[in-house]
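Q: Heads up, the sequence shown is in this note's numbering, so the first residue is 21 and it goes up one at a time.
Keep in mind that the hints were calculated from the coordinates and are not lab data. Fair warning: there could be bad hints in the mix.
[Unchecked claim] Straight-line distance between alpha carbons at most 20 Å, and here's what the computed SDA-like set of lysine to any residue pairs gives:
#1 Lys69 <-> Phe92
#2 Lys162 <-> Phe120
#3 Lys136 <-> Lys160
#4 Lys162 <-> Gly138
#5 Lys162 <-> Phe92
#6 Lys139 <-> Tyr154
#7 Lys162 <-> Gly188
#8 Lys102 <-> Arg124
#9 Lys136 <-> Gly110
#10 Lys113 <-> Lys102
#11 Lys162 <-> Arg123
#12 Lys160 <-> Ala96
#13 Lys113 <-> Asp83
#14 Lys136 <-> Tyr88
#15 Lys136 <-> Gln164
#16 Lys113 <-> His90
#17 Lys102 <-> Arg126
#18 Lys113 <-> Gly142
#19 Lys136 <-> Gly115
#20 Lys69 <-> Ala96
#21 Lys160 <-> Ile132
#22 Lys189 <-> Ile218
#23 Lys113 <-> Met72
#24 Lys162 <-> Gly151
#25 Lys189 <-> Gln202
#26 Lys69 <-> Lys113
#27 Lys189 <-> Arg207
#28 Lys56 <-> Tyr80
#29 Lys189 <-> Cys210
#30 Lys113 <-> Lys160
#31 Lys139 <-> Gly188
#32 Lys160 <-> Asn137
#33 Lys113 <-> Tyr80
#34 Lys139 <-> Tyr88
#35 Lys139 <-> Asn111
#36 Lys160 <-> Tyr182
#37 Lys139 <-> Asp161
#38 Lys113 <-> Gln164
#39 Lys139 <-> Gln164
#40 Lys102 <-> Thr74
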Amino acid sequence: MPFLKERNKVSRSRQLENLTRKNGLRHAIFNTVGDKYIGEWRNDFKTGKGAMLTRYRQLYEGDFDEGYRHGFGVLAYELENKIFVLEYRGNWKRGRMHGFGLRRFRDGGVYIGDWKNGKRHGYGLMWYPNGDFYAGDWVKDKRQGLGMLVRPDVNRYEGSWYNDMKHGKGRFIHLTTGQMQQGVWIRDVCVYCTFIDIRYRQSAIRPTKYPIQKTFLGDFLVDDEILTPHSGVRFSANLPSGIRKSAPRRLGLDFLDSSSNLTLFGSSTSSHPFLAVQPPSQPPTKTKDLSSNLHWFSSFIVSSLSIRIFIIFGRKRTRRESCAR
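Go ahead and model the full structure; you've got the sequences and the hints to work with.
A: In structure tokens, the structure reads:
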């Protein structure tokens with residue numbers, strides 16, 4: 021009767037075929053291309069723990085799944101003196117480096133971090149053979165995202181990356197000169213950046229002779245606060261009637277020469293005709309005499325208002341002369 025027949029019966033030919041398949045642990049299996057494998061099998065596939073030496077003299081020890089390196093494993097290559105050197109140690113997926121792992125490149129570079137489909141992808145640390153060090157994001161084997169690059173001379177860049185280039189907001193810290201460059205970068209070029217002095221500038225390896233000139237947003241014809249730099253030297257604007265508004269926006273110590281005349285960009289030959297240097301005024305001493313403090317404060321207010329009125333009238337006169345021309 022049909023219902024009394026044995027179901028899922030394996031034929032004799034299939035039984036003989038299954039007997040010929042490799043299953044379990046095999047001591048050594050050689051193939052036609054010269055590879056050698058020692059390890060576990062399942063239905064003719066390398067599955068489980070094993071070690072494989074390829075014809076390219078690469079040795080892999082770790083997990084296999086259906087013939088692929090899958091799981092955790094160690095890959096090494098053989099030198100001429102029969103010594104194996106570590107190349108990769110970490111996770112694998114279907115024969116490719118995938119997950120977290122460490123790789124030593126043959127040129128001397130070392131990478132520790134995330135992998136995806138055989139490429140650096142995610143967060144990782146990279147030591148380059150030339151001495152550079154990078155810590156940050158990777159996308160398909162390229163630096164992309166946020167990261168920090170440290171040069172051998174300890175100068176470093178911190179900011180955005182795209183396609184293995186500095187791209188976006190970032191800052192480049194020059195520790196050798198004690199200065200910092202920050203702004204916007206496009207394809208490794210700083211298109212909108214400013215330089216400022218960093219802390220402990222004089223303890224740098226090669227500090228600059230003068231601090232970087234401070235950049236002000238306002239024009240000194242309008243904002244008189246910028247006429248007092250950090251050096252304590254005050255500048256007064258002796259502006260003639262024909263002065264234009266395109267005045268220099270940078271004031272610093274390197275504008276001054278030994279003759280106490282304000283010069284442009286450190287040149288002692290061309291003195292600026294519109295600005296004069298006055299000696300720094302001493303701050304008022306702390307006394308209990310309230311009247312002296314009030315007298316000093318009132319004189320300061322009057323002088324500030326007079327300078328402001330002089331500047332405003334000078335601007336109006338300049339505009340009238342320009343319109344008359």
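Q: None of the hints should be skipped; say for each whether it holds.
A: For each hint, the structure was consulted:
1. Between Lys69 and Phe92 the CA atoms are separated by roughly 10 Å; this keeps the pair inside 20 Å, and the hint holds.
2. With a C-alpha separation of about 17 Å, the suggested pair Lys162 and Phe120 falls inside the 20 Å cut-off, and the hint holds.
3. Proposed proximity of Lys136 and Lys160 is supported: the alpha carbons are some 8 Å apart, at most 20 Å.
4. Note on Lys162 and Gly138: the hinted pairing holds, with a Cα-Cα distance of about 13 Å set against a maximum of 20 Å.
5. Between Lys162 and Phe92, the direct Cα distance comes to roughly 24 Å. Violation of the 20 Å bound is thereby established for this hinted pair.
6. Simply put, Lys139 and Tyr154 have alpha-carbon atoms about 16 Å apart, close enough for the 20 Å limit, and the pair holds.
7. With a CA separation close to 16 Å, the supplied pair Lys162 and Gly188 stays within the 20 Å bound.
8. For the proposed pair Lys102 and Arg124, the alpha carbon gap of about 18 Å is at most 20 Å, so the pair holds.
9. This hinted pair checks out: Lys136 and Gly110 have alpha carbons roughly 12 Å apart, not beyond 20 Å.
10. Annotation: proposed proximity of Lys113 to Lys102 is violated, straight-line Cα distance about 29 Å (limit 20 Å).
11. The hinted pair formed by Lys162 and Arg123 meets the criterion: a straight-line CA distance of about 15 Å does not exceed 20 Å.
12. Taking the CA atoms of Lys160 and Ala96, the gap is near 23 Å; set against the 20 Å cutoff, the hint is violated.
13. Taken as a hint, the Lys113 and Asp83 pair is honoured in the structure, with Cα atoms around 10 Å apart against an allowance of 20 Å.
14. Between Lys136 and Tyr88, the direct Cα distance comes to roughly 16 Å. Compliance with the 20 Å bound is thereby established for this hinted pair.
15. With a C-alpha separation of about 15 Å, the suggested pair Lys136 and Gln164 falls inside the 20 Å cut-off, and the hint holds.
16. This hinted pair checks out: Lys113 and His90 have alpha carbons roughly 5 Å apart, not beyond 20 Å.
17. Between Lys102 and Arg126, the direct Cα distance comes to roughly 17 Å. Compliance with the 20 Å bound is thereby established for this hinted pair.
18. Distance hint between Lys113 and Gly142 is fulfilled; the C-alpha atoms sit about 16 Å from each other, no more than 20 Å.
19. A hinted pair counts as satisfied when its Cα atoms are at most 20 Å apart, and Lys136 with Gly115 qualifies at roughly 12 Å.
20. Restraint check for Lys69 and Ala96: the C-alpha separation of about 17 Å stays at or below 20 Å, so the hint holds.
21. Restraint check: the Cα-Cα separation between Lys160 and Ile132 comes to about 15 Å, which is no more than 20 Å; the hinted pair holds.
22. Restraint check: the Cα-Cα separation between Lys189 and Ile218 comes to about 18 Å, which is no more than 20 Å; the hinted pair holds.
23. Proximity of Lys113 to Met72 is assessed by CA-CA distance (about 16 Å); at most 20 Å being required, the pair is judged to hold.
24. Distance check on the hinted pair: Lys162 and Gly151 sit about 18 Å apart at the alpha-carbon level, within 20 Å; holds.
25. Taking the CA atoms of Lys189 and Gln202, the gap is near 8 Å; set against the 20 Å cutoff, the hint holds.
26. In summary, the hint linking Lys69 to Lys113 is supported, as the alpha carbons are separated by about 15 Å, within the 20 Å threshold.
27. For the suggested pair Lys189 and Arg207, the alpha carbons sit about 12 Å apart, so the restraint of at most 20 Å is met.
28. Straight-line distance between C-alpha atoms of Lys56 and Tyr80 comes to about 11 Å, which keeps the hinted pair within the 20 Å bound.
29. Proposed proximity of Lys189 and Cys210 is supported: the alpha carbons are some 9 Å apart, at most 20 Å.
30. A distance of roughly 16 Å separates the Cα atoms of Lys113 and Lys160; the hinted pair therefore holds under the 20 Å criterion.
31. A hinted pair counts as satisfied when its Cα atoms are at most 20 Å apart, and Lys139 with Gly188 does not qualify at roughly 24 Å.
32. Taking the CA atoms of Lys160 and Asn137, the gap is near 9 Å; set against the 20 Å cutoff, the hint holds.
33. The suggested pairing of Lys113 with Tyr80 holds, with an alpha-carbon distance near 14 Å, which does not exceed 20 Å.
34. With a C-alpha separation of about 17 Å, the suggested pairing of Lys139 with Tyr88 holds against the 20 Å cut-off.
35. Taking the CA atoms of Lys139 and Asn111, the gap is about 12 Å. The hint holds against a cut of 20 Å.
36. With a C-alpha separation of about 11 Å, the suggested pairing of Lys160 with Tyr182 holds against the 20 Å cut-off.
37. Distance check on the hinted pair: Lys139 and Asp161 sit about 5 Å apart at the alpha-carbon level, within 20 Å; holds.
38. At most 20 Å may separate the alpha-carbon atoms for a hinted pair to count; Lys113 and Gln164 exceed this at roughly 23 Å.
39. Our distance criterion of 20 Å between C-alpha atoms is met by Lys139 and Gln164, whose separation comes to about 13 Å.
40. With a C-alpha separation of about 14 Å, the suggested pair Lys102 and Thr74 falls inside the 20 Å cut-off, and the hint holds.
Of the numbered hints listed earlier, those contradicted by the structure are 5, 10, 12, 31 and 38.
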